[in-house]
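Chemist: The sequence shown begins at 9 in our numbering and counts up by one.
Treat each hint with caution, since some may be false.
Unchecked claim - Computed beta-carbon distance windows for the label pairs:
#: 1; residue 1: ARG131; residue 2: ALA221; range: 31 to 39 Å
#: 2; residue 1: GLY80; residue 2: LEU116; range: 41 to 49 Å
#: 3; residue 1: LYS10; residue 2: TYR134; range: 54 to 62 Å
#: 4; residue 1: ALA214; residue 2: PRO100; range: 27 to 35 Å
#: 5; residue 1: LYS87; residue 2: ASN127; range: 30 to 38 Å
#: 6; residue 1: ARG131; residue 2: HIS28; range: 51 to 59 Å
#: 7; residue 1: GLY93; residue 2: LEU116; range: 42 to 50 Å
#: 8; residue 1: LEU116; residue 2: ARG45; range: 16 to 24 Å
#: 9; residue 1: GLU27; residue 2: GLU133; range: 22 to 30 Å
I should point out that these hints are in silico values taken from the structure, not numbers from a laboratory. Built from N, CA and C at the ideal position, the CB exists for glycine as well.
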Amino acid sequence: MKVYIPQAVAKEGTDYLLEHGYEIKEGTGFSPEEMARDIADCDAMLIRTAQCPKEVVDAAKHVKIIARHGVGFDNIDIKEAETCGIWVTNTPQALSDSVAEYTLSALLMAAKNIRDCSNAMYRGEYAYKNSHKGLDVGGKKLGVVGFGRIGRAVAKKAYYGLDMEILAYDPFVKQEQAPEYVTMCSWEALFSGADFISLHLPGGEANRNAVGAKEFEMMKNSAILLNVARGEVVDENALDAALKAEELRYAVLDVQSQEPPKEDYPLYKNEKVILTPHMASNTEECMGRMALHAAMQIHKVLSGGQPDWPVNHPKF
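Whenever a hint applies, use it, and build me the whole structure from the sequences.
Modeler: As structure tokens, then:
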């Protein structure tokens, strides 16, 4: 059986597939036409961030599973896969701790003004720190928006590791379902009450621009925003304006509405923003786990079983 892999993945995944007798077919390009051609004779696909629209799914005549390397699956036409009888899976247990570690490192970098003071030192401005003091985080309130695996990992590490108070918003999580150190609250209470806000909600049209001008007006002027979810959940033009109006102190965006951003991306010029290239899960260990977990789902399905982490219910 043949597994189509459009983008390179860690050897933990490819080694597993080869050890279990699968042939690997590497992709020739990322356009829908190229992917549709590449997938036509394959039995499964292991996909990272490449787009998998309807035309690619429709060309996957022999495919039984599309295994997503990661958690989000907004790059795959889930409904079409379901209609075509194709499982779609993700790897939710592979990256929570890695993303949580990134989130807290980004929080500390922004709070302590590390990037700006470091850049100033390279310019010979050693005294820059005197007029650009950082913030302590212990005892401050961290608002976690989206309380799934990653949000919970962030909350746990922030509470036990940094002595922070934890607020969380998730319409699907009740107070009794949260750890005792977490206060579940309303959207408004979180945005108005938190000193740091970390976004971990799903992407897609339902949450496009979910965080915009109204939320920035509610936030403390000293608050710091972290987006480790999807770029589209933040109204970036409104964020740019809010930072310039000093409605919040700082923002760290690991994700952007277009990746990579164009050269004229307005937030490139905003000194109150730290941008990173969608790298929260980009560790050697995490990339290995994601590749391996995705490969394991492929083997389960192609061996006649059901996957551990399905995100759809295919119609057979």
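Chemist: Determine whether the Cβ-Cβ distance between GLY93 and LEU116 falls within the hinted range of 42 to 50 Å.
Modeler: Holds, at about 47 Å.
Chemist: Is the gap between the beta carbons of LEU116 and ARG45 within 16 to 24 Å?
Modeler: violated (46 Å)
Chemist: For ALA214 and PRO100, compare the CB-CB distance with the range 27 to 35 Å and indicate the outcome.
Modeler: violated (19 Å)
Chemist: How does the Cβ-Cβ distance of LYS10 and TYR134 compare with 54 to 62 Å: does it lie in that range?
Modeler: holds (59 Å)
Chemist: Mind checking the hinted window 51 to 59 Å against the Cβ distance between ARG131 and HIS28?
Modeler: The hint (51 to 59 Å, Cβ to Cβ) holds, given that ARG131 and HIS28 are roughly 54 Å apart.
Chemist: At the C-beta level, are GLY80 and LEU116 separated by a distance inside 41 to 49 Å?
Modeler: violated (25 Å)
Chemist: Go ahead and decide if the range 31 to 39 Å is satisfied by the Cβ distance of ARG131 to ALA221.
Modeler: holds (34 Å)
Chemist: At the C-beta level, are GLU27 and GLU133 separated by a distance inside 22 to 30 Å?
Modeler: For GLU133 against GLU27, whose Cβ atoms are near 55 Å apart, the range 22 to 30 Å is violated.
Chemist: Take the C-beta atom of LYS87 and the C-beta atom of ASN127, compute their distance, and say whether it sits inside 30 to 38 Å.
Modeler: Taking Cβ atoms as reference, LYS87 and ASN127 lie about 46 Å apart, which means the hint is violated.
Comparing the model with each earlier hint shows violations of hints 2, 4, 5, 8 and 9; every other hint is respected.
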